[in-house]
Structure formats: structure tokens, C-alpha cells
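Trainee: One letter stands for each residue in the lines below.
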Amino acid sequence: MIVPFDIIILIFLVITAVISLRVRDLLSATMILGVYSFLICLLWAEMGAVDVAFTEAAVGAGVSTVFMIATIYHTRRRSSD
Amino acid sequence: MKWFGLIATAFTGILLLSAVGDFARFGDPHSPANAGVGDRPSVSQYYITDTYADTKVPNIVTAVLADYRGYDTMFETVVIFAAGISIFAILRSLGGPVVPVSHPQAIDTSVDGDHQRIIIGTTCRLMIPVIQLFALYVVAHGHHSPGGGFQGGVILGASFILLALAKDLGTALGRFSEKRYLTLGCVGIMIYAGFGLLCQALERNLLDYEILHRIMPATDAVMARSHSMLGVEVGVAFTVTAIMFAIYSNLSSNGRLDHGL
Numbered sequence: 000m001i002v003p004f005d006i007i008i009l010i011f012l013v014i015t016a017v018i019s020l021r022v023r024d025l026l027s028a029t030m031i032l033g034v035y036s037f038l039i040c041l042l043w044a045e046m047g048a049v050d051v052a053f054t055e056a057a058v059g060a061g062v063s064t065v066f067m068i069a070t071i072y073h074t075r076r077r078s079s080d
Numbered sequence: 000m001k002w003f004g005l006i007a008t009a010f011t012g013i014l015l016l017s018a019v020g021d022f023a024r025f026g027d028p029h030s031p032a033n034a035g036v037g038d039r040p041s042v043s044q045y046y047i048t049d050t051y052a053d054t055k056v057p058n059i060v061t062a063v064l065a066d067y068r069g070y071d072t073m074f075e076t077v078v079i080f081a082a083g084i085s086i087f088a089i090l091r092s093l094g095g096p097v098v099p100v101s102h103p104q105a106i107d108t109s110v111d112g113d114h115q116r117i118i119i120g121t122t123c124r125l126m127i128p129v130i131q132l133f134a135l136y137v138v139a140h141g142h143h144s145p146g147g148g149f150q151g152g153v154i155l156g157a158s159f160i161l162l163a164l165a166k167d168l169g170t171a172l173g174r175f176s177e178k179r180y181l182t183l184g185c186v187g188i189m190i191y192a193g194f195g196l197l198c199q200a201l202e203r204n205l206l207d208y209e210i211l212h213r214i215m216p217a218t219d220a221v222m223a224r225s226h227s228m229l230g231v232e233v234g235v236a237f238t239v240t241a242i243m244f245a246i247y248s249n250l251s252s253n254g255r256l257d258h259g260l
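Heads up: the protein sequence lines correspond to chains A and B, in order.
Taking numbering that gives the first Met the number 0 as reference, the numbering of the first sequence is continuous, increasing by one, and the terminal residue is 80.
Taking numbering that gives the first Met the number 0 as reference, the numbering of the second sequence is continuous, increasing by one, and the terminal residue is 260.
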């Protein structure tokens, strides 16, 4: 565990989390959530939990981003009600 | 309402932050979780000292996941299967009748589109076999390196999703049809549960792999646990692969399985 590295990753985690909430465009928010997943994956790998980091990289950053994009493609920009 | 939410969030945050001080330090060898309470050793000590002698598996995480806590992992797989089946049930019943697509509808004849198709198609043709080979390596090598059934299954499912993204959903469904992925999902769970029931048939507890050396040729009780873990991981990988592709194909086509994104 390297403390300066931890602090940098944690700061970026907070920044990406806030941006993904503030951004208006759903597609951009999904992309930023992908970045968030990769940062968490880095954090876990650096803390020694390599198996968890691997799962996060495959599921969190990879497949769930694709699932969210596939869902967003079926939404419209304006709500109908 | 907005203020109420803000106050609730702030209160929960302060409560959580105040509890952080009670945690043991990261990697502290004297914390109860690592050193045990009093004279009794903790379970993590047992895993670290005895896993290799018990199972001949160097990766303790895999041994805990598939052997010591095998019951948990079996129902984790069932949860994934149930999630996939429920997405399938909701979207397919809302999506209307399935229109099978045998050829791409709109053929883009512009030069620009053609170039894109060549670049993406060639890249995916090169990448997909490598991704699939790596997924099989992750499943089979889970005893020695990070990885296992879940990760390998997700990567294998992602390779089919990549095929569906690069060409269209019809091409990917031609390789891995709806009937086939649902069958594969069920077969994966049956493999896992089958290993458990086989132990019961040989008069041991559920998922107590040691006894399987009686029916596995040329193994002792220790290697039987190692081999059974591999079998169980293959079952998990089957289910996860099938369910990942099932979720993608239903989400991207709104349950109609026509052309996808």
C-alpha cells in the first residue's frame, strides 16, 4: 500500500463521482462511471486484492458500461410526459 | 424534500466517518481478524497456513471461493442466472414477437461506411480469438493466478458482445443463439450442483470434494479437491458467459432480438 498513490486515486474517485452526477448527458455520465470503475480497480490492485480488481475491470468497467450504453440507446432526450 | 435528503445524507456520512476510527489498521497482524481472539487462531490464519496442504491450490482466493465457501459461490451463480432470466422474461414479454433477421437490412454503400466496416471488422476478427483464448486461460489458470469462473466467463461473454457490436446482433446470435445460451446457462449451474450432489451420493456433505477421489482416476483426496474446483469454475464460467450475452442481446434490441445497436 503506497499512501501518496492512494490519495491521488481517492481524489480522482471523488472527482469522477461528482462529475458523473452533475453531467447532463447520459452517455458521458456512463463513460465517466467507466473511468470511476477503472480507478477503483487500480485502488484494489494496489491494496493487494488482485482477484477483486480483475472482477471490477471485467464487470464494472467493461460489461456494465456496455449494458448501460445499450439501455441509453433506447431512451430519448426529452421525456414524453 | 431536497433538504430532508441532504440532511439524511450528511447524517449518514458523519456516522460512517466516525466509525472509520474503530477499524484496525490496514494489514495489522494483531487485529482480531488476522490474529484471532485470545488463544484461538482466526479463520484467515487457517486459510494462509493450511490451504496449500489441504488442496494444493496456491491461490488462496480461489480455494476459499470454490471449496471452503463453495455453497456461497453456488448460489451466487444462481443469483446471476436468476438476474439474466428475469431480464429475459421482462424484456421478451414486453418486446413483442421475435423477427429473425437473416441479412443486414440497410446496406451502406458509401465509401466512408465501407472503410469503417473494413477497419472495425478486421480489428474484431483479429481481437476476438485472442480475447476468447485469454478467457479460457483465466478460467483454467484460476488456481495459480488471479481469475476464475466469474472473470473468465465475463470476458468470454464480452467477446460475443464485441462481435454483436462490430457486425450486428444477428451475426452474434447466429454463433450463439437464444436456445444455445439458455441451455448453456442451465448446464453451468447443473455442473456446479452436480459436483455437490455427487459428493452427497458418495455419502459425504454437499460440496465436500474430498470423497470424489473414488471416482476420479489417479487422484488422492487432496488432488480431488483441486480438480473439483476446476470443474466447478468451468460451470460458473458457462453460466456467466451465457447470461452476459443474454442480458446484452435483450437490452440492446429491446427484447426483439432484431438488429441491436
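Keep in mind the hints are simulated off the structure, nothing from the lab.
Heads up, a few of these hints could be off.
Per label pair, the in silico range of CB-to-CB distance [what the hints assert, rightly or not]:
no., chain 1, residue 1, chain 2, residue 2, range
1, A, V2, B, L14, 20 to 30 Å
2, A, L12, B, E202, 21 to 31 Å
3, B, K178, A, M46, 22 to 32 Å
4, A, M0, B, A7, 42 to 52 Å
5, A, A16, B, A18, 44 to 54 Å
6, A, L9, B, A7, 22 to 32 Å
7, A, V2, B, R213, 50 to 60 Å
Every residue, glycine too, gets a C-beta built ideally from N, C-alpha and C.
Trainee: State for each hint whether it applies.
Mentor: Quick rundown of the hints versus the structure:
no., hint, in the structure
1, A:V2 <-> B:L14: 20 to 30 Å, "25 Å, holds"
2, A:L12 <-> B:E202: 21 to 31 Å, "51 Å, violated"
3, B:K178 <-> A:M46: 22 to 32 Å, "43 Å, violated"
4, A:M0 <-> B:A7: 42 to 52 Å, "33 Å, violated"
5, A:A16 <-> B:A18: 44 to 54 Å, "20 Å, violated"
6, A:L9 <-> B:A7: 22 to 32 Å, "24 Å, holds"
7, A:V2 <-> B:R213: 50 to 60 Å, "52 Å, holds"
Figure legend: structure checked against the earlier numbered hints; hints not met, in rising order: 2, 3, 4 and 5.
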